[in-house]
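Make the full structure from the sequences, and use the hints.
There are 2 protein chains.
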Amino acid sequence: MASKPSIPKGTRDFSPAEVAKRQYIIQTIKSNFEKFGFQPIETPSFENSDTLMGKYGEEGDRLIFKILNSGNFFYNRNKIELPESLASLQQNSAEKITLEQRIELNKFTSKISEKALRYDLTVPFARYVVQHQSEIEFPFKRYQIQPVWRADNPQKGRFREFFQCDADVVGSKSLWQEVELVQLYDTVFTALGLTGVTIKINNRKILSGIAEVIGASEKLIDFTVALDKLDKIGEDGVKKEMIEKGISEEAISKVQPLFSFTGTIAEKINQLSQLLSASVEGMKGVEELQFICEKVTQLGLATAQLDLDVTLARGLNYYTGAIFEIAPPKTVAMGSIGGGGRYDDLTGIFGLKNMSGVGISFGLDRIYLVIEELGLFPDTVAATSKALFVNYGETEAFAAMQAIQKLRAEGIKVELYPDAVKMGKQLQYADKRGIPFAVIIGTQELESSTFALKNLVTGEQVVLDYEGLQQQLQ
Amino acid sequence: MASKPSIPKGTRDFSPAEVAKRQYIIQTIKSNFEKFGFQPIETPSFENSDTLMGKYGEEGDRLIFKILNSGNFFYNRNKIELPESLASLQQNSAEKITLEQRIELNKFTSKISEKALRYDLTVPFARYVVQHQSEIEFPFKRYQIQPVWRADNPQKGRFREFFQCDADVVGSKSLWQEVELVQLYDTVFTALGLTGVTIKINNRKILSGIAEVIGASEKLIDFTVALDKLDKIGEDGVKKEMIEKGISEEAISKVQPLFSFTGTIAEKINQLSQLLSASVEGMKGVEELQFICEKVTQLGLATAQLDLDVTLARGLNYYTGAIFEIAPPKTVAMGSIGGGGRYDDLTGIFGLKNMSGVGISFGLDRIYLVIEELGLFPDTVAATSKALFVNYGETEAFAAMQAIQKLRAEGIKVELYPDAVKMGKQLQYADKRGIPFAVIIGTQELESSTFALKNLVTGEQVVLDYEGLQQQLQ
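Chains as they are written, first to last, in full-length UniProt numbering: chain A, 1 to 474; chain B, 1 to 474.
Just so you know, the hints here were simulated from the structure itself, not pulled from any lab data.
You may find that some hints are simply not true.
Which copy? The list can't say, so a pair holds if one copy fits it or any two copies do.
[To be verified] Here are the simulated SDA-like pairs of lysine to any residue, each with C-alpha atoms no more than 25 Å apart in a straight line:
#1 Lys245 with Pro257
#2 Lys254 with Asp231
#3 Lys173 with Gln428
#4 Lys30 with Phe163
#5 Lys156 with Arg366
#6 Lys268 with Gly315
#7 Lys425 with Thr297
#8 Lys239 with Arg433
#9 Lys219 with Gln472
#10 Lys432 with Val332
#11 Lys386 with Gly442
#12 Lys386 with Thr331
#13 Lys111 with Met53
#14 Lys9 with Gly315
#15 Lys229 with Gln472
#16 Lys240 with Asp61
#17 Lys55 with Thr384
#18 Lys268 with Thr303
#19 Lys413 with Ser217
#20 Lys295 with Thr195
#21 Lys21 with Met334
#22 Lys432 with Gln290
#23 Lys353 with Glu281
#24 Lys21 with Pro257
#25 Lys107 with Val421
Set out below in structure tokens:
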């Protein structure tokens with residue numbers, strides 16, 4: 001191979017410094033998941049295609065990475081049946097593929113590929129719950145932090161391989177779960193030093209209520225998208241857009257209060273309950289929202305802010321109750337860094353009915369970017385050695401290894417420069433690696449069983465016995 | 001989907017208890033890697049096919065999982081060129097595939113698949129080093145703990161998805177690295193409580209020396225395989241097998257000392273240096289082995305035993321110096337639980353010459369099985385809550401949540417049962433989850449701001465104020 005090697009587009013190598021920072025975030029999320037009673041599971045990177053296909057819509061199906069059978073689809077087959085229409089494609093190479101050919105190709109694909117890389121953690125989790133239902137004690141609080149893969153067009157902040165960090169509870173409809181999930185968000189972001197995030201909350205049933213009131217559920221997305229622009233284009237602008245989208249003036253007037261939807265959460269809930277009084281489902285949503293917001297407010301949040309946002313329509317297709325979304329601190333220009341909600345029928349797709357679930361997700365890559373931009377990564381994140389022992393040759397290196405062995409047994413990260421090259425080169429290595437101390441054992445130190453400890457930042461150097469050295473490096 | 005869902009053969013779901021145990025091993029390996037100065041990197045799950053194909057021999061190529069282009073190979077193409085010979089396959093469906101057809105199919109495969117799941121961590125590491133050489137300070141001590149995928153036939157202990165845990169140094173030929181890697185093995189297994197492992201060591205150059213002495217390098221594998229059976233079939237049996245394999249009696253007589261190859265490491269090295277005195281390369285191997293074994297012995301190991309094993313021929317194709325293999329304690333019937341060695345030209349395949357590397361690997365799945373069999377997993381491994389707060393209804397649950405919030409802020413893992421169902425059901429949940437305590441807040445406790453703490457193992461129950469509760473659960 002002559003040219004420099006590369007990696008597939010949309011994927012990333014992570015350097016030691018990057019892994020350390022990612023691990024810091026993951027470890028913080030993980031330890032708080034566990035503090036809140038969630039338990040880890042892991043599922044295979046690839047699932048049977050049956051498990052994944054058709055669960056994410058047509059667009060999703062297209063973005064699922066498919067794996068050729070048995071590592072190499074033809075090796076294990078004596079014969080391969082290829083549809084004739086594929087051969088004809090070759091002859092008419094300039095023509096676009098027809099629908100019939102696409103169907104044939106689809107069939108062909110499923111013959112040569114029976115496995116696919118997971119697209120998210122939710123469907124594999126649903127599959128896990130159904131498959132292992134007899135071993136699971138419900139309600140089941142699980143967390144899962146694993147990579148997922150999507151054949152999306154890569155762009156800034158969007159990758160073909162990325163981690164998802166999910167916590168879900170299945171098997172209970174209790175709204176205390178929503179209360180705890182809000183607290184969990186608050187606890188994690190506080191622990192990461194990321195103060196000032198906004199936890200936006202809404203409820204699918206409130207959106208249904210609004211749809212009822214405006215008289216057209218199919219216009220709901222248009223309605224919320226327009227309403228979300230209130231800050232930018234003003235009440236008139238929003239109404240203009242709504243009318244253009246086919247929402248009647250009469251319908252708009254019925255939800256007039258939403259155009260001046262401000263105040264405390266309690267005040268907003270009060271307005272909503274007036275607005276949606278005619279909708280049974282809408283009122284159920286108000287009631288749920290009220291319980292969650294009231295409990296969260298009474299118990300108090302450490303640094304995050306709770307906000308009721310009726311334009312929040314995230315995951316409208318599957319959420320049935322609460323909807324969450326996390327906005328980063330306002331000083332950072334970045335989309336949501338987390339989200340979640342309640343879905344009343346998580347496992348129905350695999351034949352297990354009446355299994356309500358609620359969960360949240362943390363957006364690792366975006367959280368990383370926000371913490372980086374705000375300079376919030378602690379200096380201690382990098383997993384670097386505390387000291388480098390300079391190597392002056394076999395005898396000195398042996399004495400160094402004796403000390404190194406004892407220090408490591410005390411849990412102190414130290415290392416020996418492997419070759420007896422020029423000291424300048426060895427210290428340069430320490431510097432580039434961010435190792436703060438060098439330990440020098442020369443002839444004099446060998447004779448007196450001492451160690452010269454050099455602070456590589458200040459240049460200061462002291463001579464110590466082993467105990468002194470250990471104390472300094474501890 | 002009517003039938004119960006399943007996962008692809010050779011893959012696994014991991015339950016909370018299993019994840020906790022796996023994490024315990026991984027965490028132990030990871031923290032010791034870092035203590036020894038290794039830094040983490042991560043590479044993408046899939047690489048360009050070019051990067052992987054041809055690096056693992058023909059068998060390896062076959063076992064590499066290939067990914068269809070862009071998630072769906074045909075969607076992004078207006079035309080697909082299929083070789084005519086594939087169409088003919090259909091007509092002769094009963095016939096075996098011909099060599100020509102296989103070549104055509106190979107070409108076809110590389111057209112519809114340009115990416116593949118990584119097969120090990122070594123080739124991606126070599127690719128990483130070459131790609132990022134200008135950012136790396138050499139010698140580069142990296143560790144990597146990530147899954148790999150192989151389309152092997154699954155069997156007991158062999159999976160299609162499994163984790164590798166590798167530590168390697170590139171950019172230095174210093175034998176101190178080998179000394180440290182032996183110590184690292186000893187430190188990790190000691191930390192895991194796995195005492196009595198044997199670290200077998202050999203050297204590729206000694207094997208070359210033996211090949212020189214027996215006069216046929218192509219017979220080396222046959223020779224070592226036969227010699228390895230000495231314990232089982234005795235000297236005569238081994239010699240008979242060697243002769244059957246075409247090794248001459250004269251050649252065998254030249255290495256006669258290997259048939260009574262016992263004693264201390266120093267004695268074995270002494271015998272080898274006599275046996276291989278005519279081979280320059282063999283003597284270089286003896287010298288290297290002597291340095292490593294001498295330093296390791298002088299510095300001392302905590303619980304592992306070092307053993308010189310001249311039949312150790314693992315990875316003969318790529319190792320050029322030291323070869324390591326770890327045998328589990330003799331009480332367990334299990335193959336090697338780790339291995340490694342030195343390879344003088346790791347990155348040559350990607351165009352970067354003269355980059356010597358040495359590394360070791362831990363076999364996570366087998367280590368897991370050994371620790372399980374010996375009952376060495378600590379009881380504290382499972383990440384379960386310390387206490388379950390029983391739910392008696394909204395008011396009581398709110399009081400519980402107030403305490404829970406404070407306890408979590410102290411880092412104590414506690415949870416609320418989400419629904420106010422029968423107490424028996426709630427306690428059964430705690431029991432099944434392995435939660436040791438229940439906290440009960442009833443009317444009485446509410447009035448007196450106290451908590452009834454029930455030990456679920458002994459059944460004992462005490463009434464405490466908040467401070468007492470926190471103390472008990474800390």
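Here is what the structure says about each hint:
1. Lys245 with Pro257: within (20 Å within a copy, 92 Å between copies)
2. Lys254 with Asp231: within (20 Å within a copy, 91 Å between copies)
3. Lys173 with Gln428: Between copies, since 19 Å is at most 25 Å while 60 Å is not.
4. Lys30 with Phe163: both (13 Å within a copy, 20 Å between copies)
5. Lys156 with Arg366: within (11 Å within a copy, 41 Å between copies)
6. Lys268 with Gly315: Only inside one copy: lysine 268 and glycine 315 sit 22 Å apart there, 69 Å across copies, limit 25 Å.
7. Lys425 with Thr297: Neither: 59 Å inside a chain and 30 Å across chains, both beyond 25 Å.
8. Lys239 with Arg433: neither (59 Å within a copy, 54 Å between copies)
9. Lys219 with Gln472: Close neither inside one copy (68 Å) nor across copies (56 Å); limit 25 Å.
10. Lys432 with Val332: Neither way: lysine 432 and valine 332 sit 31 Å apart in one copy and 45 Å across, limit 25 Å.
11. Lys386 with Gly442: Within. Shortest intra-copy distance 20 Å satisfies the 25 Å Cα cut-off; inter-copy 53 Å does not.
12. Lys386 with Thr331: neither (35 Å within a copy, 39 Å between copies)
13. Lys111 with Met53: both (14 Å within a copy, 23 Å between copies)
14. Lys9 with Gly315: neither (28 Å within a copy, 32 Å between copies)
15. Lys229 with Gln472: neither (58 Å within a copy, 53 Å between copies)
16. Lys240 with Asp61: Classified as neither: same-chain Cα gap 36 Å, cross-chain 61 Å, threshold 25 Å.
17. Lys55 with Thr384: Result: close neither inside a copy nor across copies, 44 Å intra and 32 Å inter.
18. Lys268 with Thr303: This pair counts as within: shortest intra-copy Cα distance 22 Å, inter-copy 67 Å.
19. Lys413 with Ser217: neither (61 Å within a copy, 43 Å between copies)
20. Lys295 with Thr195: For lysine 295 and threonine 195, the Cα distance is within 25 Å only inside one copy (21 Å; across copies 52 Å).
21. Lys21 with Met334: Classified as within: same-chain Cα gap 19 Å, cross-chain 37 Å, threshold 25 Å.
22. Lys432 with Gln290: neither (55 Å within a copy, 33 Å between copies)
23. Lys353 with Glu281: Answer is within: at 21 Å inside a copy they meet the 25 Å cutoff, but 70 Å across does not.
24. Lys21 with Pro257: Cα proximity of lysine 21 and proline 257: none, with 45 Å in one copy and 55 Å across.
25. Lys107 with Val421: This pair counts as neither: shortest intra-copy Cα distance 63 Å, inter-copy 50 Å.
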